[in-house]
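Protein chains: 4
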Amino acid sequence: MENYIYKLEMKVRDYECDIQGVVNNANYQHYLEYARHEFLEYIGGSFSQMHNQGFDLMVSKITLEYKRPLRGGDRFVVCINTCRKGAKLIFLQDIYNLADGALMLKGEIDVICLKDGRLTRGEVFDEMFKDFMAKNNA
Amino acid sequence: MENYIYKLEMKVRDYECDIQGVVNNANYQHYLEYARHEFLEYIGGSFSQMHNQGFDLMVSKITLEYKRPLRGGDRFVVCINTCRKGAKLIFLQDIYNLADGALMLKGEIDVICLKDGRLTRGEVFDEMFKDFMAKNNA
Amino acid sequence: MENYIYKLEMKVRDYECDIQGVVNNANYQHYLEYARHEFLEYIGGSFSQMHNQGFDLMVSKITLEYKRPLRGGDRFVVCINTCRKGAKLIFLQDIYNLADGALMLKGEIDVICLKDGRLTRGEVFDEMFKDFMAKNNA
Amino acid sequence: MENYIYKLEMKVRDYECDIQGVVNNANYQHYLEYARHEFLEYIGGSFSQMHNQGFDLMVSKITLEYKRPLRGGDRFVVCINTCRKGAKLIFLQDIYNLADGALMLKGEIDVICLKDGRLTRGEVFDEMFKDFMAKNNA
Numbered sequence: 065m066e067n068y069i070y071k072l073e074m075k076v077r078d079y080e081c082d083i084q085g086v087v088n089n090a091n092y093q094h095y096l097e098y099a100r101h102e103f104l105e106y107i108g109g110s111f112s113q114m115h116n117q118g119f120d121l122m123v124s125k126i127t128l129e130y131k132r133p134l135r136g137g138d139r140f141v142v143c144i145n146t147c148r149k150g151a152k153l154i155f156l157q158d159i160y161n162l163a164d165g166a167l168m169l170k171g172e173i174d175v176i177c178l179k180d181g182r183l184t185r186g187e188v189f190d191e192m193f194k195d196f197m198a199k200n201n202a
Numbered sequence: 065m066e067n068y069i070y071k072l073e074m075k076v077r078d079y080e081c082d083i084q085g086v087v088n089n090a091n092y093q094h095y096l097e098y099a100r101h102e103f104l105e106y107i108g109g110s111f112s113q114m115h116n117q118g119f120d121l122m123v124s125k126i127t128l129e130y131k132r133p134l135r136g137g138d139r140f141v142v143c144i145n146t147c148r149k150g151a152k153l154i155f156l157q158d159i160y161n162l163a164d165g166a167l168m169l170k171g172e173i174d175v176i177c178l179k180d181g182r183l184t185r186g187e188v189f190d191e192m193f194k195d196f197m198a199k200n201n202a
Numbered sequence: 065m066e067n068y069i070y071k072l073e074m075k076v077r078d079y080e081c082d083i084q085g086v087v088n089n090a091n092y093q094h095y096l097e098y099a100r101h102e103f104l105e106y107i108g109g110s111f112s113q114m115h116n117q118g119f120d121l122m123v124s125k126i127t128l129e130y131k132r133p134l135r136g137g138d139r140f141v142v143c144i145n146t147c148r149k150g151a152k153l154i155f156l157q158d159i160y161n162l163a164d165g166a167l168m169l170k171g172e173i174d175v176i177c178l179k180d181g182r183l184t185r186g187e188v189f190d191e192m193f194k195d196f197m198a199k200n201n202a
Numbered sequence: 065m066e067n068y069i070y071k072l073e074m075k076v077r078d079y080e081c082d083i084q085g086v087v088n089n090a091n092y093q094h095y096l097e098y099a100r101h102e103f104l105e106y107i108g109g110s111f112s113q114m115h116n117q118g119f120d121l122m123v124s125k126i127t128l129e130y131k132r133p134l135r136g137g138d139r140f141v142v143c144i145n146t147c148r149k150g151a152k153l154i155f156l157q158d159i160y161n162l163a164d165g166a167l168m169l170k171g172e173i174d175v176i177c178l179k180d181g182r183l184t185r186g187e188v189f190d191e192m193f194k195d196f197m198a199k200n201n202a
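Protein chains in written order, with my numbering: chain A, 65 to 202; chain B, 65 to 202; chain C, 65 to 202; chain D, 65 to 202.
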């Protein structure tokens, strides 16, 4: 397992699984979103601060590689790295099965920042994540 | 099939089913909620009007009897009757399988109306649904 | 807070909230289902054993009283008691907000047991939950 | 709007929206999955046939570009094209708002085919979709 700046352990709930007995593909996005929100809470409330200053974060693109399926009751960990790419903040999010350390999913989530409805160049990300930016992940 | 004041046909989507191949119990609430919102739209936008006048509708209680399970791809119809019970508006919502007419679920959903955060006696329901109230359904 | 035989702490995830900023009504059923499955795992794998012996548990009825809404990020606890009522096993499940101990939801979930597709009188519940049955909860 | 081999009209349900009043990012995957399953049903049951012959389809990668958000009650259309890329079947799935024809989401979903648990070279896709393959979409 690589180095990550944030990790969140979770457990599959049965209702997240579909008829094949594996987690439905869409639910991985829920896991990733929840981990990002927990990460933002962890680095300290800057999210609501930003909103009050007129900044809005939006996911502009998502790429998920499904390596192996999670099953009901599986324990897993969502790992996060971040980097900047032009105006975007990139979340690199990988999911590992805790039972055997196997990589289950690789995700790349591009986030943009709007100020009063217009695309910014993302300067605010530097401020927000300055201690957390992994330097060489792109 | 009884008489109902509103019917909405739907189809089970595979992602709504769980590992047993049947619709997850919670998803029936989604069906019922969607049918109520479609019904409200059908009787004409009074919902947003109400909100603008300070009225807020909230579900206070829900009772669901699961008769038979729906499966992936099943076509079904959500049927609605309404009646008043004191301060509450009651939605009687039954789901039938369209293939054979079998009753799959019986639901009773109690809705209350708040005005500026305080419980009302529900006078607004009479206004809103006056043409739709089934007289003897309670 | 009453006495309960099982408690599970959880946290609201933002994607479980709807446009009003509160947990969507259907998602409480997910919370309750997840807590029941964790409880069954806790009392020791009898669930899969039962299935292998031809027994199948099904929810036949659910009654939820919505007292107060949970919001994004709220921490809460799902509390469980069980009792027998004829052929049914009743789960009494209450949800409390951990911040102030307020009761958010009262739930009663009726579960029946089928053996090879036919309704049983529920003898198997006594076996399964014998140490956990609250004597006077009905 | 481009040419597509299949189109499915849908409508946003309120419970699919989150606190911002727009469809939660994960729910677009549900729309896309549902449209693919309807498409497979449309081209004629070959899906279950395949399964009975030991073939299993799995999503291996998904790329979604979020252009504009859908809101509660919006009517939209999910459009599908397919093409082959090596062992993969690619679904190109775009979502348009029906009110103004605006492109809301561009999706690319890579599907692989396993036979008895081992990756195939995807010969079966040619058979299955032979009348539907868009020749020059890659």
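No lab work stands behind these hints, which were simulated from the structure alone. Heads up, some of the hints might be wrong.
Stated by the list, open to error - Okay, derived cross-link-like pairs now, BS3-like style, lysine-lysine, Cα gap no bigger than 27 Å in a straight line:
#1 C:LYS170 <-> B:LYS152
#2 C:LYS170 <-> B:LYS125
#3 A:LYS125 <-> A:LYS152
None of these values were measured; they are calculated from a predicted model.
Enumerated hints in conflict with the structure, sorted upward: none
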